[in-house]
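Peer 1: Residue numbers (this note's numbering), protein chains in the order written: chain X, 1199 to 1667; chain E, 726 to 887.
Just so you know, these hints were derived from the structure itself, not from any lab.
We treat Cβ as the ideally placed atom computed from N, Cα and C, and that holds for glycine.
A few of these clues could be false.
[To be verified] Here are the in silico distance ranges between beta carbons for each label pair: (1) X:F1470 / E:V799: 34 to 40 angstroms; (2) E:I744 / X:P1421: 28 to 34 angstroms; (3) E:Q866 / X:V1263: 25 to 31 angstroms; (4) E:I859 / X:F1475: 54 to 60 angstroms; (5) E:I859 / X:G1563: 22 to 28 angstroms; (6) E:I859 / X:L1606: 52 to 58 angstroms; (7) X:L1469 / E:D828: 33 to 39 angstroms; (8) X:Y1478 / E:S727: 51 to 57 angstroms; (9) E:S755 / X:I1313: 35 to 41 angstroms; (10) E:F736 / X:F1470: 50 to 56 angstroms; (11) E:K887 / X:G1563: 48 to 54 angstroms; (12) E:S802 / X:F1219: 57 to 63 angstroms.
[What the hints assert, rightly or not] Covered by chain E, per the in silico footprint, the following chain X stretches (three or more residues, Cβ under 8 angstroms): (13) 1219-1225; (14) 1274-1284; (15) 1549-1557.
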Amino acid sequence: MSQADSGPQVVHRRRRGAELFLLVVALLVGLGAYAAVGLGMEGTIPADMLTYGGWLTVMVAACHVVVRFVAPWADPVLLPVVAALNGLGLAVIHRLDLTYGELGQKDDYAQQQLIWMTLGVVLFLATLLVLRDHRTLQRFTYTSGLLAILLLLLPLMPVIGTEINGARIWINVAGFSFQPGEIAKVLLVVAFAGYLVLHRDALALAGKRLLFVDLPRGRDLGPILGMWLISLGILVFQRDLGSSLLFFGLFLVMLYVATERPGWLVVGGTLFAAGAFAGYQAFGHVRQRFDLWLDPFEYYGEGTNDLGRQSVETQFGMGWGGLIGRGFGNGRPELIPYANSDFIFAAIGEELGLTAVMALLVCYGLIVERGLRTAVTCRDGFGKLVATGLAITFALQVFVVVGGVTGLIPLTGLTTPFLSYGGSSLVANWVIAALLLRISDQARRPLPSMLGTEPDPAPDAEETQVVKL
Amino acid sequence: MSELTLFLIRFAYLAILWIFVLSAISVIRSDMFGARVPDTGRGRLGRKEKAGRTPKAAKGPSRRRGAPTHLLVVEGSNAGERAELADAPLLIGRGNDAAIRLDDDYASTRHARVAAYEDEWFVEDLGSTNGTYIGSARITQPTTITLGVQVRIGKTILELRK
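Please model the complete structure; the sequences and the hints are all you need to start from.
Peer 2: So this is what it looks like as structure tokens:
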């Protein structure tokens, strides 16, 4: 967290032209996938190609124009990567819908996803338009912490909360189901950052030394520890393993970044190991996930409870997909339960192969890299911490879900950002993208004196001047 | 639709996907290496400088007559300590890496920074707990200071001196 820009000041360029070019290619990625789905499944370009393409183009163009006006110095790569991921996700969901339709199942996921994407884009634009300076968020440190906890509690309420697949993390209002935890994720990042930026000196310096770690004083760590334990407790209670893991990692990394104490990672790692072991011993569903991970074939096929079907079919699919995939329409991703949400990576691996999976992982890597880059460039501590937190959220989420799908780690339910079917996640991720763009706009905007637009002040001007950052 | 066409479509799509990824990476690359460095002391690098700007010394205004040369602690437990402005930017605080290491309970590890830009000296608060004050006003953004302006950090007062 050192404010290290003692070297030469670098003036970034706006790069809005580069963003426009990348957005056009990103649209090609999204619409190309849609056309390829039509050609592969039905043999023709889809009939609604023009209206669908037009709508995507309008949304992307609106994003670009607004960014050009209200965040001209923002990072040029983030928005195109987000648009490409979302476009490809829509096409893959649409492809699964076509098969689900043939099988006589519910087949309007892509349509709903498009509505959610529109809402996400509207919120993206609203965030950029309303939030002109990310530092205003610092005022809402405790408010957003409280709000996050309230949102996390909502699914436990008797009427609106609903339980799906053993996890009670949904609310159902007026026919729309929503996962408040996704929004809470963003709010918690803001709350952690706001608290840590004020207290990091106290956290890092004051306190007793125990073993290899400087333990901070209780009154410094207390509020944030409380906030975190409450949110983690709620998630464990709701049996949402993926989000618990996400929040735990997020908190740990932000604490580490804020205090520059690697000891936190040691403490956190130990706590995680202890927690995982305790969870394994205490909770049946944790033990089950673990066993399914170690040997999914044990739980696959006739004569078993068939719980391993998801993992096994995923491995069959990805193996069959191979290096360049079967092509849209030639795979059978519908065999995997939840192929359009948690397991969309498996569907892509089957029909587009390792080549596309690697491309997508690079895309996620780019988002995380741009987020961390923004944190490095950013001039204020709060912005640094928020950007780090949001980037880490992405990194952890992709690691947990792709690791789970590919069998690297035990499976925990989380959505793949921007790709998976799931409205709350999509909307929250668009807001995260807007926040990252806003912070990067502030970070890359040169100091006023560097623009060369200001007249040189008189050499002996004595009065104090205020430099607007 | 024949196998071959489908194969070509698949291949073309993967190509588009990777073209996108690679062009995104190339934008990042040009962003890293193509950024302008307006530090006019490095004449070779400042090719794209706007015309009409006169070249200036790299270390800010210290060469000019009547310009400050050092930062002095005028009040507080470290009174009398000084740091040469030629070493700018100067970090002030309780930490080991500070140019002026304050022995002040009300100062943060990295409290404030004094740096030059063009002809002026700026003091910038680095998110300290108790703030940096000029006169009675707590500063929230980099603020210009001139000779003799008193900057208060905790119980310490600093000044630019000739």
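Peer 1: If a hint holds in the structure, say so; if it does not, say that too.
Peer 2: Cross-check of the supplied hints:
1. A C-beta distance of roughly 51 angstroms is found between X:F1470 and E:V799, which places it outside the suggested range of 34 to 40 angstroms.
2. In this structure, E:I744 and X:P1421 break the distance hint of 28 to 34 angstroms, their C-beta atoms being roughly 49 angstroms apart.
3. Here the CB-CB span from E:Q866 to X:V1263 is close to 30 angstroms, well matched to the stated 25 to 31 angstroms.
4. Take E:I859 and X:F1475: their Cβ atoms lie about 55 angstroms apart, and the range 54 to 60 angstroms holds.
5. Taking 22 to 28 angstroms as the suggested C-beta distance range, the pair E:I859 and X:G1563 does not conform, at roughly 44 angstroms.
6. Checked against the given bound of 52 to 58 angstroms, the beta carbons of E:I859 and X:L1606, roughly 55 angstroms apart, stay inside it.
7. Remark: the range hint 33 to 39 angstroms for X:L1469 to E:D828 is upheld by a beta-carbon distance near 37 angstroms.
8. Checked against the hint of 51 to 57 angstroms, the C-beta distance between X:Y1478 and E:S727 comes to roughly 53 angstroms, which is consistent with it.
9. A hinted range of 35 to 41 angstroms holds for the C-beta pair E:S755 and X:I1313, which are about 37 angstroms apart.
10. Evaluation of the 50 to 56 angstroms hint for E:F736 and X:F1470 yields a failure: the beta carbon distance comes to about 43 angstroms.
11. A beta carbon spacing of about 52 angstroms between E:K887 and X:G1563 agrees with the range 48 to 54 angstroms that was offered as a hint.
12. The beta-carbon spacing between E:S802 and X:F1219, approximately 58 angstroms, falls within the hinted interval of 57 to 63 angstroms.
13. Coverage of the segment 1219-1225 of chain X by chain E holds in this model, with 4 residues showing a Cβ closer than 8 angstroms to a Cβ of that chain against a need of three.
14. Check result for the segment 1274-1284 of chain X against chain E: holds, 5 residues qualifying (beta carbon to beta carbon below 8 angstroms, three or more required).
15. With 5 residues having a Cβ less than 8 angstroms from any Cβ of chain E, the segment 1549-1557 of chain X passes the three-residue criterion, so the hint holds.
In the structure shown, a violation is registered for the earlier hints numbered 1, 2, 5 and 10, in ascending order.
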